[in-house]
Structures are given as structure tokens and as C-alpha cells.
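Visitor: Take a look at the letters that make up each chain.
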Amino acid sequence: MTVKNKTNDVKMKTRHLLGGLVIVAIAFSQIGCKPNNKGGNSELAGDAAQKVYVAPGTHDEFYNIVSGGFNGQLSVVGLPSGRTFRVIPVFSQSPESGYGFSEETKPMLNTSHGFVPWDDSHHVALSTTNSEHDGRWAFINGNNTPRIARVSLKTFRTEEIIELPNSGGNHSSPFITANTEYAVAGTRFSVPPDDKADVPISSFKQNFKGYISFVSIDKNTGRMGIKFQLKTPGVSFDLARAGKGKSADWFFFSTYNTEQANSLLEVNASQKDKDFILAVNWKKAEEYLAQGKGKKEAAKYAHNVYDDKVHSATSIMMNEVMTLDPKECPDMLYFIPCPKSPHGCDVDPSGQYIVGSGKLAAVIPVFSFNKMQKAIATKTFDGDFDGIPILKYEAVLHGEVKKPGLGPLHTEFDGKGNAITSFFVSSELVRWNIEKLEIIDRVPTYYSVGHLSIPGGSTAKPWGKYVVAYNKITKDRYLPTGPELTQSAQLYDISGEKMKLLLDFPTTGEPHYAESIPASMIEKNSVKIFKIEENMHPYAAKGEKEAKVVRKGNEVHVYMTTIRSHFTPDNIEGIKMGDVVYFHLTNLEQDWDVPHGFAIRGAQTAELLIMPGETQTLKWIPTKVGVTPMYCTDFCSALHQEMQGYVRVSPAGSNVPLIWGTGKNPVAEAEKKVAKK
Amino acid sequence: MRTSVFTIVFTTIMIWGCGGAQQRAEAPETSDSALLKQEEVHGAEVKEIALNNPLDLAMIDEGQKIYDMKCSSCHKLTEERLVGPGWAGVTKKRKPVWIMNMITNVDMMLAEDAEAQKLLELCLVRMPNQNISEKEARSIIEMMRKNDGEK
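First to last, the protein sequences are chains A and B. Numbering follows this note's numbering, in which position 420 of the first sequence is assigned residue number 420; successive positions increment by one, without gaps. Numbering follows this note's numbering, in which position 114 of the second sequence is assigned residue number 114; successive positions increment by one, without gaps.
Worth flagging that the hints you see were computed from the coordinates, not collected in a lab. One thing to keep in mind: the hints can contain errors.
To be verified - In silico DSS-like links for lysine-lysine, alpha-carbon gap of 25 Å or less:
1) Lys146/B - Lys545/A
2) Lys498/A - Lys461/A
3) Lys76/B - Lys548/A
4) Lys545/A - Lys135/B
5) Lys359/A - Lys402/A
6) Lys135/B - Lys531/A
7) Lys246/A - Lys205/A
8) Lys498/A - Lys416/A
9) Lys309/A - Lys65/B
10) Lys531/A - Lys545/A
11) Lys135/B - Lys528/A
12) Lys340/A - Lys284/A
13) Lys309/A - Lys92/B
14) Lys545/A - Lys47/B
15) Lys246/A - Lys403/A
16) Lys209/A - Lys196/A
17) Lys92/B - Lys531/A
18) Lys545/A - Lys95/B
19) Lys146/B - Lys92/B
20) Lys379/A - Lys340/A
21) Lys92/B - Lys528/A
22) Lys92/B - Lys135/B
23) Lys403/A - Lys371/A
24) Lys548/A - Lys65/B
25) Lys272/A - Lys283/A
26) Lys531/A - Lys65/B
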């Protein structure tokens, strides 16, 4: 692509010398900023096209569930094709479906701060049983206004969102334990406790705490609840992973800013030679809880649940949270020194090795769980940090991968005894043997890879086959679209000895972490319709017989049905200025892929997209006297264009009676006229 | 114009209908116990139906309820055509098996049955799959027979 840019520059010069020079200068400066493209395109597999081609009408091999980053949502992508199938609204409103706009879904975005229609979603965790994918739920974090969401892999909808009190920047989240007992949430920004938060910022060391929430997950329903919060010293928790197998009772969190700086962290939080990985024995924490060592503290947080039968969400405000103070709970927490500002903190499939990735470090340290157990037993400590023992680095170290690359961030596992680590600064993926700590292979990424993802690569049973690099810089990889570009991802084949580039594909939002799961574990469970018989929505109209318009003071409730291709009622009169109109639409269809849409002129919310058998509500406050059209927005049949209606709005105090109907059948009328002739 | 739109829609539906999932790799095992199974009631051909004499009142009642919820938006009980044809006289015009398949196996009917195809040309909206089981469809027929004056 570099060559192509230069050709373009030559053409430009002939037309306009000065302009051309400027472009050349820009082109060079861009190339200058890009990491070296080592070895040109030699990393591209010769049969790449064949390997990513998914023939028309056939399906991809994997679902790739991808965090949306600053769009706050979750993307569903197919691998190996790289095609995006859907963006599931989670933490952000979606005018396309009405999520966060409809009366039923608004409570999903409720928080202790009120309605928060956006977040920054970073990490996906697919539910596991024995640390292996079970295909039930996807969890994802809201980073800005700390929250965890649970998304059903049957409906591909957000079913639950829980807010996290005493947290700021829910980054170290929502990583899960082996049997999905807990999703964790370590606060990235230490904060003073919510109910005693008005303190000087300079009192950081004294008043700020690094809260880690353990959110329990019901094994049958998936329902979440904050079981307890650990009040750890004020550091920044970055990423985390649960142990597996023999280490399954433990959780590991990377930390930075152990300097406990509260300003100019770029410099002040990079002073120490080593930060820590915090090892948490969560089974021990449960024991302390059972012994009554927990303390309830006042904390306000929202818990929002969507119900598929009522087709509505409820939001409950919680008022207290259980906390555990490590000072009263010995043998529960240990610090492992880790060079330097560690980011990723990844546990291999066996549960024996914990890989730290120091963003600023020149090595990748690999810690041994066995050695850690031994060091704890023999109290091989190197002092303590705020009362928490620091294990001796050498005593817990399996070994270091030397000179792996620059800026290691994250590590995933191929299930064949190897790890693949992403390097942001040197813009590459590096594969290395876990036992021998030897580098096997490296490939460039385009450009500056952040997270990487191997199907099942964080589980005890990686599916392997591919690795996806989610890059932070796109530059010239696609057709340019102005200053703002799509985010670039690359798919590599890792089945052979050398990693081979197969595909570049654009993504939605700014993906951070993603997971992939075989399509066969998900697709057969995908819900096609909601059964109309099971619709328990209080404003459902289950059949046109139940369609009606009811006035309650200045509230008007329209019980409206949709079917190909008409609304009932489709003519309404008697609405007055000052009224608040609720259109409760029930889609009577019972066939897969036949949603109807609903839009009305001047609505200051969005459209509704109503799935078969579902009821959703659009609130409309008329702003003008007159007749207002409404229509179906989802092409539903050959007569979709005819799916429309009118609402007459009269001045406040007018005596136009409330009438409504589907009207007479003009087709029949027309036929009668023809017959008479 | 309408015909062309219709053709596109129809073709799309046909293609979509044929697009089966072909697995490219080994299918891993998954625990079905944790996952609710979905029954797919649509698409099985009904070949024979025995009629009752006299009519079964409980079935008429069930048929009426289903009609109110899932059918009445498009079908009137008179001869008048709304979205689909009115139901008056339908049990005289069509065999019960034909009606059953039109309700529970509409893809096959629109692909193979000339009468069904004629109706689609007239109404321009495909008879939808309303997720009605064979037993429920049988109750609807009982209710249609009552509508046509049988006792």
C-alpha cells in the first residue's frame, strides 16, 4: 500500500507541484509514524482467500463476540469471514432498535447517577463451566460509570446490568471464575468510599481504596448480585484472570500506580521498577464472609433486569454492599512483584502459569502457581504493602521471556503449550513456548495491536486455529474516510508452524477484548420469535380484538397491533395538546425475521423495532395541532409502503371525541363498486 | 412496480429458506441440559384429518381464541377479503388437509400448490407462519366449520 500512495503522489505532482510536495511530506511523515513492516507481505498466507471464504448461504465457523469500546456496545462477528452480523446495544442507547428509548428498555440504563445513556465497554467474558465455554452468556464491562452487563447468547440481548459502587473506571472487569461463580470488577481509579467521598485529593494514600467487587452469578438464571467488595490499598487495577484447575480458587489482578500518585500519572506512576500482580484467594474470602467478617456499608447502586415475558426492564436501587477488609482477613491476599506497569495478567490453560505483561518492561515474566503456593507456605516474603505480604519475585518466578518485543500487552494461549503475546510498541504478535520460555515465531500487525483473541484462548480448552489482532491504529489499511477511521483487525492462521496473515477486516466502535466460540455451540439455541401466548406485558394487545385507546387524564394509552401490513388502530382522533401518548405496539407475527417498525412524526425519542410476539412502547408528546402520520419502518411485505396511519391532534380543551379504528376496508369497498358496474 | 417488489421479496425469502447452515469444522459438544430447547412446530406436512360429527365444542372454543389472537388481523369471518381471504365458506371450498397445511406448512404450499399460489398473487402478502401447532390448527378448522353453519 505504501507503493500505491507514492504512485498517487507522482500523479499529483504533475498537476500541482506544491500541493504534491505537501502530500508527499504527509505521506512520509505517516510512514515515519508507522512501525516497521518487517518482511513486507511475506506473512500473508498464499491460500488466504480460500481460508476466509465463506460461500454464499453457508455460515461462519466461529461467533466472534467483540467489545465495542467507546460505542458501549457488543458486536457479533463471524470468523473466518470477518463479517459483522449485529451490534447488540448494551450500555448505549440505540435509535435503530429503540433500546434505551422505549419505555421498556429505559430502566436498563438507570444508575445511581440517573439515566446514563453511554459507556465505554472493554472486555468480553463468555460464560464457562470448568473453565471451558458453555455458550450461555456474554458479560461485558462498562468502564466509565462502573457497570457489568450480562447478554444472553440465545436472544443476543442485554438481560441485566448491575452498577458497581465505590468504583471509578471499571477496567479490571468482568473476568469470570471457572464455573462462572463470579464476575469481578477491580476499580481502575482508586476512590474514597462513596459515602465518605468529600476528601482532599491529596489525601489519596490515607483515604482512597482500590475496591474489588465480586459479583455472584446464579448458575441457572444468570442473575447477578454483588456478593462482597474487597477494600484493598489504593492502587490502580488494570486487568485480571481467574485461575483454572489447581489455581481455580484464586484470582489474579494486575496493578499499576503502586506509587499511589494522584496527579501526572504518566510520570509519577512509572517510577517504580516493579508494580504488582495481586493474588486473591476468593474461596478464603467466602470463608471469611461465612465467619461473619464482612461489614455492610452504605452504597447506592442500580440493578437492572430485563424480562422476556413482560418484555420490560425493572431497575432497583440498592442501598448497601458487603465489604471485607483485608486487614481483618489474613492469608487472603498476596502481592507478586511484576515489572513494570503490568497490563495483561493471563493464566494458561492448565492454571499453572500466570503471565504478566509489563507495558514498560523488557521481559515477559511468567509466574508459577506451584512456586507461589510454596512461597506462601514458607513465608518467602519481601516485606509488605499496606499490610499485604509481598512474595519474593525470584521465589514465584517460573522464568522470563527475554527480549520478546516492545510494549507487551496481552497474552492468549493456543492449547498446544504456546502463548501468543501482543506488542503495542513494536506492533507484532509473538508466539512463545510457555514451558521453555523460547520465542517461536513473530508476525507484524497493522498497526499497534492492543488485545488479541484466540478462539477459547483464555479458557482451559482453546479451540486454537486463529488469532485475531485488534489494532489501535488504522492509518492506510482501508479506503480513507476523513480524519476518523474504522478500527482495523487482522485474522491470522495459527494452525501451522508459522503464523500466517489471512484477512484484514474493519470493526465497529473501538474493540478491546473479544472472545470466539464455535458457531455450533450457539446457533441452534438462537431464539427466533417470542411466543405471543407467553407475552405478559401489561399493555399487550394479543389480537386485534384487544386493540384500543384508553385515556387516563392527560395520558393516552394506545394498545396497537402490527401484522403484515397494517396497524390496528391506524386512525386515532381526540388527542389534545398537553396529552402524553403511549403507543404500546404488539407485533402479532409469529414468524422468524418479521419485525415491524414504528415511527411517528416529531417523536423526540427514536423508532421502535418490535420483534414477533413482543410489545414495546413509544412515548410521544404532540408538539403541534394537526394530523400526524405514523408508519412502519421495517420493510415487512410487498404492501409495507401501505403500512401507515394518522393521529389527529386538537388544541387543548377541544371537544373532539376520542375515537379510533382500523377503518372500513377500502379494498372491499372498491370491489363492491366494481361488482355494481 | 408492485410485481417487481414482490418478486424481489419472494426471491429473497426463497433464497433465505434454502440457506442451510453447513458446518465447516468439527462440532464440539455442548451441554443441552443448560439450554432450553426450542420446538419448531412449523413445516411438517399433514396428510390426513378425521372430522368429528357433531362438532367438538371445546375445540371450537380453543379455535376461536387462537383466531382472535393470531388470525383475525387478516381474515374476516365473512366473505370479505382483508389481507387474506374471508373465511366464510372456506370449509366447503377447501379440503381440511389443505387448510391445515396452509396454516402449519405454508412454505410447502406456496412452493407446490397451485391454489395457494393463486391466492398469493391475489393478496400479495404471504400467508405467515403464526407458530400454530397441528393440534391448534385442527381446532381452528372446527371453528371454521361452525362459522360455515355445521353443527
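Visitor: Now tell me if each hint is right for this structure.
Guide: Against the structure, the hints:
no.	hint	result
1	Lys146/B - Lys545/A	holds, 20 Å
2	Lys498/A - Lys461/A	holds, 21 Å
3	Lys76/B - Lys548/A	holds, 19 Å
4	Lys545/A - Lys135/B	holds, 23 Å
5	Lys359/A - Lys402/A	holds, 14 Å
6	Lys135/B - Lys531/A	holds, 16 Å
7	Lys246/A - Lys205/A	violated, 35 Å
8	Lys498/A - Lys416/A	holds, 14 Å
9	Lys309/A - Lys65/B	holds, 20 Å
10	Lys531/A - Lys545/A	holds, 18 Å
11	Lys135/B - Lys528/A	holds, 21 Å
12	Lys340/A - Lys284/A	violated, 28 Å
13	Lys309/A - Lys92/B	violated, 40 Å
14	Lys545/A - Lys47/B	violated, 33 Å
15	Lys246/A - Lys403/A	violated, 30 Å
16	Lys209/A - Lys196/A	holds, 12 Å
17	Lys92/B - Lys531/A	violated, 32 Å
18	Lys545/A - Lys95/B	violated, 28 Å
19	Lys146/B - Lys92/B	holds, 12 Å
20	Lys379/A - Lys340/A	holds, 24 Å
21	Lys92/B - Lys528/A	violated, 35 Å
22	Lys92/B - Lys135/B	holds, 21 Å
23	Lys403/A - Lys371/A	holds, 24 Å
24	Lys548/A - Lys65/B	holds, 18 Å
25	Lys272/A - Lys283/A	violated, 31 Å
26	Lys531/A - Lys65/B	holds, 15 Å
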